[in-house]
Each structure stands twice: as C-alpha cells, then as structure tokens.
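Working from the sequences, and respecting the hints, build out all of it.
Read top to bottom, the protein sequences are chains A and B. Under my numbering, the letters of the first sequence match residues 1 to 454, in that order. Under my numbering, the letters of the second sequence match residues 1 to 454, in that order.
Please note: incorrect hints may appear among the correct ones.
Unchecked claim - Below, in silico cross-link-like pairs of lysine to any residue (SDA-like), each with a Cα-Cα straight-line distance of 20 Å or less:
#1 B/Lys3 to A/Ile14
#2 A/Lys5 to B/Glu13
#3 A/Lys3 to B/Lys77
#4 B/Lys12 to A/Arg304
For the record, the hints were derived by calculation from the structure and aren't laboratory data.
There are 2 protein chains.
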Amino acid sequence: MEKTKRFLLSEKEIPEQWYNIVPDMKNKPMPILHPGTKQALKPEDLYPIFAEAVADQELNQTDRWIAIPSEVRDQYKHYRATPLVRAYSLEKALDTPAHIYFKNESVSPVGSHKLNSALAQAYYCKQEGLTHITTETGAGQWGTALSYATKAFGLDLTVYMVKISYEQKPYRRSLMQTWGAKVIPSPSNTTKAGQKTLSETPDYQGSLGTAISEAIEVAMQTPNCKYTLGSVLNHVTLHQTIIGLEAEKQMALAGEYPDIVIGCFGGGSNFGGLSFPFLRHTLTEGRKTRFITAEPASCPKLTRGIFQYDFGDEAGYTPLLPMFTLGHTFTPANIHAGGLRYHGAGTIVSQLLKDGLVEAVDIRQLDSFTAGVLFAQTEGIVPAPESAHAIAATINEALKAKEEGTPKTILFNLSGHGLIDMSAYEQYLSGKLQNYALSDEDIAKNTDKLEKII
Amino acid sequence: MEKTKRFLLSEKEIPEQWYNIVPDMKNKPMPILHPGTKQALKPEDLYPIFAEAVADQELNQTDRWIAIPSEVRDQYKHYRATPLVRAYSLEKALDTPAHIYFKNESVSPVGSHKLNSALAQAYYCKQEGLTHITTETGAGQWGTALSYATKAFGLDLTVYMVKISYEQKPYRRSLMQTWGAKVIPSPSNTTKAGQKTLSETPDYQGSLGTAISEAIEVAMQTPNCKYTLGSVLNHVTLHQTIIGLEAEKQMALAGEYPDIVIGCFGGGSNFGGLSFPFLRHTLTEGRKTRFITAEPASCPKLTRGIFQYDFGDEAGYTPLLPMFTLGHTFTPANIHAGGLRYHGAGTIVSQLLKDGLVEAVDIRQLDSFTAGVLFAQTEGIVPAPESAHAIAATINEALKAKEEGTPKTILFNLSGHGLIDMSAYEQYLSGKLQNYALSDEDIAKNTDKLEKII
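And the structure:
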C-alpha cells in the first residue's frame with residue numbers, strides 16, 4: 001500500500017471557528033494591569049489603540065469558540081488548509097521508531113504563519129471603518145504579512161522597520177513595498193518619539209521598542225487609524241489556533257494523535273496556535289500529551305526567566321503583563337532567529353508553564369542550524385531559523401524515543417521557510433556562526449530591576 | 001454556495017505517466033544532427049554525456065506514455081500535486097468576464113517547476129549506477145533544483161555557476177550548498193576549458209556557454225559521472241508534463257476546459273509541461289484551444305527569430321538542433337528574468353510554432369513587472385520575473401475578452417515565486433528598470449552567421 005506523505009483538507013474543511021483556550025483553563029492567566037493604577041485592564045482601555053473586536057478577544061475568558069468571519073476565511077483559502085506532512089525521510093535519517101509529523105505553515109504566500117493573524121486583524125480594522133493601520137517590524141515577517149493583509153482588505157499601512165533590519169534585510173522591505181505598504185526606517189523624523197531618539201543618538205540603529213512607540217504615536221494621531229501587533233497577545237494566538245485545529249483533523253486522517261507537540265517560541269503565537277487545540281483535550285479529557293516550547297538558549301525566558309509582571313516592550317509603554325520574562329531591558333544576542341529575540345512570553349503560555357502543562361527546552365544557535373540543514377537535506381524544505389529550533393527539539397525527542405525503544409508520535413510546527421534567510425545558512429555552512437553563552441548574572445541584572453508585583 | 005479557490009488532488013491522483021507529444025504530432029520535429037557529419041543523432045550518441053534512460057526519452061517518437069518510476073513519484077509527493085487556483089481577485093481587478101486559472105508550481109520546495117525534471121534525471125543517473133552529476137546554472141533555479149534532487153537520491157553534484165551570478169545571487173548559491181552541492185564559479189581553474197578562458201580573459205564574468213563546457217568536461221573525465229540539462233531538450237519537457245496532466249484533472253474538477261493556455265518561454269519546458277497535455281486533445285480530437293508562449297521582447301526568438309539548425313550553447317559544443325533561434329552568438333540584454341535569456345527554443349515547440357499550433361507573444365520587461373505587482377497585490381503571490389511574463393500575456397488576453405465581451409477560460413503556469421528575486425522588484429518599484437529595444441539589424445547580425453542547413 002502506498003504511504004501517504006501529505007495529509008490535505010479541502011476548502012470546506014477549513015475550520016469555521018478559532019479556539020479560545022482560556023475558558024478551559026483551571027487557572028486563568030492573571031489580569032493585565034494598567035502600569036499607573038495597577039488596576040486590571042478592561043477592553044475599553046485598549047480601544048484607543050487596537051481594533052475593538054481584537055481588544056474584546058484579548059480579554060475574552062468565556063467564549064470557547066470564536067467564529068472566523070467569512071471574509072477572513074475566504075482569504076485563508078488563498079493558502080489554507082496547509083499540509084500536514086509525515087517526515088518519513090527525517091525519521092529514516094534518525095533511524096528512530098518515532099513518527100514525526102509537521103504542519104507546514106511555510107506554504108503561505110508570505111512564507112510564515114504570521115498571515116493567519118494579519119488577515120484577521122486587517123479585517124477587523126476594515127470592519128470598524130478604519131482606513132489606516134500602523135505597525136512595527138523587526139526582521140520583517142510580521143510587517144510582510146500585514147502588508148499582504150492590508151492590501152487584501154483595502155487599507156493603507158505604515159510599517160516602522162527597525163533601521164538596521166531596513167538596511168540588512170532589503171528583501172523583506174521590498175516584499176512589503178510590493179504589497180503597497182509604506183516602510184519607514186525607525187527611528188525616523190516622522191514622529192516625536194523618533195525625533196527625540198535621533199536628537200539624542202543620531203546614529204541609533206533602531207530597536208523594536210522605538211519602532212513600537214513610533215507606530216503607536218502615529219496610530220493615536222491619525223484619524224481612522226489604529227495599531228496592530230503580531231505576537232505575544234492573546235488575540236494573536238487565538239487567530240493562530242487555525243493551525244492546530246486543522247492539524248487535529250489531519251492527524252485523524254493519519255490515524256494518529258500526538259504524544260508530543262512542539263513549537264519554537266518567540267512571543268508564543270505559533271506555539272500556542274498549534275498546541276492549544278490539542279491541549280484542550282488534555283484540559284477537558286485528561287489526554288496525556290507533552291507540549292514543548294523550543295526557545296533559543298540566548299533568549300531563555302521560559303527556561304531561565306522569572307514569572308513577574310513586566311512591560312511588553314523595551315521602552316515600557318505597554319500595560320503590565322504577567323509573564324515569564326528576562327526583563328524588558330534584556331537585549332538578546334544577535335541570533336539569526338530574529339523572531340525569537342523577545343524578552344517575555346504571552347500570558348497564557350506563562351500560566352500554562354507555571355501550572356506544569358507546558359514544558360520548555362532551550363536550543364543553541366549552532367544546534368538549530370545543524371537541525372535545519374538535516375531537515376532541508378531530508379524533507380527538502382529549508383526552514384526559517386526560528387522553525388529550526390522546533391526541529392532541533394523534535395530531533396532530540398525522536399532520538400530519545402530511539403534510545404528508549406518507544407514509538408512516539410511527534411508533531412511540530414514548521415512556522416516558516418528560510419528562503420529569505422539564506423545568508424544565515426551561508427554563515428553557518430562557512431563556520432562563521434557561534435553560540436551565545438548567558439550567565440546567571442547576565443539574566444539577574446535585568447530581572448532584578450523589575451518591580452515585584454507578584 | 002461557497003466558491004472554490006484552489007483545486008487540489010490527493011496523492012493517489014498524481015499522474016503515473018508522463019506524456020510524450022511526439023507520437024501525436026503529424027509533423028515530427030526534424031532530427032537532431034551531429035555537427036560534423038550532419039547525420040541524425042541516435043540515442044547511443046548521447047550516452048557518453050546523458051543518462052541512457054533520458055537519452056532514450058530524448059529521441060523517443062513512438063511511446064505516447066512513459067511510466068513515472070515509483071521512486072520519482074514518491075519524491076513528487078513532497079510537493080505535488082500542486083494546486084490549480086482560480087484567480088478571482090485578479091479577475092475582479094481587471095473587471096473581466098474571463099475565468100483565469102493558474103497552476104501554482106511555486107509551491108515546490110525549490111520555488112519553481114524545475115524540480116519535476118531534476119528528480120527524474122537524478123533518479124535515472126542513480127539507477128544507472130552513477131555516483132556523480134555535473135551541471136551548469138545561470139540564475140540558479142536549475143542548479144538549486146538539481147541540488148535538492150541529488151541529495152534526495154544520494155548522488156554527488158558539482159554545479160558550475162556563471163561567476164557573475166555566483167557573486168550577485170548568493171541566496172541561490174547558499175541554497176545549493178545547503179542541499180550539499182559543490183558550487184564552483186565559472187570560469188574556474190578546475191577544467192581545461194575554464195583555464196583556457198581565464199588565461200585569455202582573467203576578469204571574465206562567465207557565461208552559460210563556458211559553464212556548460214566545464215560541466216561536460218568534468219562529466220566526461222570523472223568515473224561514474226554524467227551531465228544534466230534543465231531545459232530546452234525533449235526529455236526535460238517530457239518530465240514537466242506532470243504539470244499539465246494534473247491541471248487537466250483539476251480543470252475537470254472546476255468544470256471547465258481552457259480556451260487559452262499560456263506559459264512564459266525560455267527554453268520551453270515550463271510552457272510545454274503545462275500545454276502539451278491539453279494540446280494532445282487538439283491534435284487527436286481537434287479541440288479548439290489557443291496555446292500562447294510569452295517571451296521577453298529583449299530575447300524574441302519565437303516572434304522574431306528564424307527557423308534553422310543551430311547550436312544549443314553559446315560556444316557551439318552541442319549537436320545541431322532544428323529550432324527558432326536568434327543565433328547562438330546572440331547575447332540577450334541583462335533582464336531580471338534570467339531563465340528566459342536563451343537564444344533558442346526546443347525542437348518540439350519550434351515545430352509546433354511552424355505548424356501554427358502554437359502562438360508567440362513578446363512582453364517588455366516593465367510590462368512584466370507591472371503585471372507581476374498586480375498579481376502580487378491581488379492573488380498574494382510574488383511571481384518569479386519569468387512567470388510575470390505569462391501573467392502579462394494572461395492579462396492582455398483577459399482584457400481582450402472584456403473588450404469583446406466574450407467569457408474566455410484562461411489557464412497559465414505560475415512557474416515559480418519571486419521571493420529570491422526581490423531586488424528586481426525593488427528596482428522596478430524605485431523606477432530603475434528599463435525596457436530593451438532590439439533592432440532588426442541586432443537580430444540579423446547573429447542569425448546571418450548561421451549555416452543554412454534547411
């Protein structure tokens with residue numbers, strides 16, 4: 001009998017609802033606090049910045065299922081359902097009894113899972129009567145996805161792109177421009193925040209913190225304009241659950257259920273997107289599954305950070321979030337997995353880790369690329385440096401299964417491809433990449449600065 | 001009722017045979033000739049250079065269907081069947097009554113259709129007991145695909161990459177290296193041909209002609225090693241018919257049959273791959289369908305070239321091929337659609353054009369990018385500069401249908417994505433790209449040099 005390699009769904013089988021895990025959590029995430037009053041935030045507090053629909057979703061603790069608007073679902077049809085793939089060649093190379101599956105989000109036209117939330121957020125802004133959106137982007141994955149999404153829904157977009165990335169990642173910048181976005185290197189002279197930074201440090205290469213301030217400032221001052229964010233927050237992960245809901249149907253087609261679910265970890269939306277739909281069976285039916293986050297060893301908030309209230313951004317403009325964090329002043333090493341260079345974890349995953357429902361492992365940069373190259377040479381797809389962390393963790397589990405002689409079913413998320421990150425592979429192949437060690441003191445000096453609220 | 005956007009096939013529906021159009025052609029292509037004796041070539045004459053199986057396929061005029069080896073079909077399952085997509089958003093933007101479909105070959109892990117033949121050629125080399133393959137690559141699409149394929153079948157690969165591309169296209173070079181290929185900038189000191197060129201012109205930036213000579217020289221001198229080619233030849237187009245055979249099934253799912261089939265045109269394998277399976281119904285049942293090649297206006301072999309015997313390579317090492325050509329000494333302008341910068345057309349398409357079964361249009365560089373950007377902004381996928389030529393021709397036909405008020409069904413091949421060609425889009429968006437005019441004298445001075453055999 002022929003073995004099936006890729007498990008596909010028809011357009012009719014694309015899920016019609018996203019899954020909100022919070023109603024199923026015994027211990028809810030602690031509230032998000034206003035930094036001045038320390039009072040729990042209400043949706044209305046977020047309305048000036050975010051589309052009202054996503055502000056409501058952000059704090060929704062009661063509705064397990066949220067309908068996907070048909071306009072968003074129609075847009076999903078451009079690339080969804082994405083394939084679930086059995087990694088036979090990787091299994092063979094590892095000589096493991098484990099069955100390895102991956103959800104292939106790299107087939108999205110922007111090359112990553114980010115589009116799943118970008119389309120939803122652009123739609124809600126449009127529905128609210130807005131005409132503009134602002135956002136910031138570092139490596140450019142989120143800005144790229146939002147450029148695509150705003151073009152699809154007929155909105156104008158201004159992206160503040162961290163200046164060093166603007167210069168070093170011209171391909172992603174050009175992608176955004178091809179989809180019609182205005183891309184401004186940050187810091188810029190177009191905002192007060194940018195002007196202030198430039199007057200103090202004219203040669204400043206930019207940071208996500210500055211770019212966030214610029215994007216929010218413009219959103220607040222422009223009529224019919226709001227701001228959007230591509231990770232960390234609950235509504236972003238909500239939109240990403242389309243990944244896991246599809247995967248659940250596809251694993252059923254394969255006649256299997258995962259023993260282990262793995263995702264790389266930056267802010268948490270790709271990990272949560274794949275894992276929460278499976279985690280719901282653990283929460284509601286006691287199904288035994290391990291959920292593993294794979295973070296970079298150079299940015300180990302889940303394995304070595306502390307659980308505390310902290311700001312979501314470097315500059316301290318956002319509300320206070322209860323999360324595992326390295327401190328918002330922590331500056332991660334300049335690894336190529338730019339999407340994982342974030343100091344904190346989303347509030348839901350933080351609570352789940354605290355409650356022992358989720359595990360965390362860290363992966364060193366060189367190990368992530370070794371895994372990425374093995375994956376490219378077996379399964380054929382060059383993974384994004386971020387996704388390579390999930391692959392490294394998968395390989396570790398598959399080798400453990402071999403050692404123990406236990407056949408395990410492992411599912412991981414291939415969150416994106418690495419075709420626009422080939423310079424990183426070039427550096428790895430020519431021996432120019434390194435690992436970054438981080439001492440306990442390095443971590444403590446940032447976390448010690450946090451106000452002790454919990 | 002929900003409209004279907006993407007028409008998918010299950011793995012079981014991936015075709016089990018390629019289609020050889022020659023048995024159905026009333027006028028067969030004229031024979032390929034030995035350049036010295038002017039005698040028709042036999043398969044054995046090609047054995048020293050090409051795998052025997054593909055040499056046999058090259059000259060096969062009798063077998064309409066060629067079985068796809070199950071090992072190749074298993075490899076196809078990594079990305080096939082590729083989707084057939086209805087371009088609703090593009091139709092809407094054009095306000096056309098035409099139904100526009102495209103076959104999306106960009107979803108292959110190497111980003112283009114080239115992999116369809118690379119896998120087949122690598123397999124046949126492996127089956128013959130070879131351990132090495134050589135090839136040349138210009139822009140890098142073919143080299144990339146063959147790197148993937150040789151890794152899949154456990155062969156060593158040496159790619160001679162035109163030096164200027166080696167330096168200007170580091171992403172494609174790194175892709176090849178990630179899949180384990182040895183990539184050498186050509187001209188190089190590793191061959192006599194390269195040494196000769198370098199001794200005459202030390203700063204020479206390389207050409208496809210020199211790279212071919214180097215790759216063939218190494219193949220001839222290395223035990224268990226042969227040479228492969230990624231376009232122009234009949235066996236390459238044969239392997240690419242998987243595209244059209246799938247599309248035929250998918251158009252049936254959509255309940256339509258194309259009035260017009262369009263492909264961009266370099267050597268002919270992507271155009272032939274999509275169109276020949278449909279053309280067979282024209283040849284055998286008299287079905288009325290138009291088949292349109294879209295070539296760059298700066299390399300107009302089909303619209304302005306002559307039909308004559310000519311060499312396949314710049315240097316004149318290959319056998320003589322009966323084809324539409326601009327002369328093998330013609331140097332195309334440096335357009336970004338590197339895969340279309342070839343002086344001649346494959347022998348089958350040349351015969352079909354001569355017989356009026358195929359039409360040819362030319363597309364100017366700026367028009368191709370205008371079409372590419374419109375496609376990116378409507379259908380979401382940034383097309384390869386090559387594929388943008390097919391899109392431009394499609395838009396022209398869709399607008400004609402609008403003018404005439406006739407609903408036409410148009411099918412084109414999206415042969416690849418442009419994610420690794422974003423610098424070209426950047427140049428277009430910033431107004432730095434140009435068209436290249438070509439006078440009749442420019443063409444005549446190369447074609448006049450050809451020996452008049454026909």
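The hints, checked one at a time:
Of the supplied pair hints, the one linking lysine 3 of chain B and isoleucine 14 of chain A holds, its CA atoms being roughly 13 Å apart against a limit of 20 Å. At roughly 13 Å between alpha-carbon atoms, lysine 5 of chain A and glutamate 13 of chain B fall within 20 Å of each other, so this suggested pair holds. Under the criterion of a C-alpha separation no larger than 20 Å, the hint pairing lysine 3 of chain A with lysine 77 of chain B is consistent with the structure, at around 10 Å. Between lysine 12 of chain B and arginine 304 of chain A the CA atoms are separated by roughly 48 Å; this puts the pair beyond 20 Å, and the hint is violated.
Consistency with the previously given hints fails for number 4 only.
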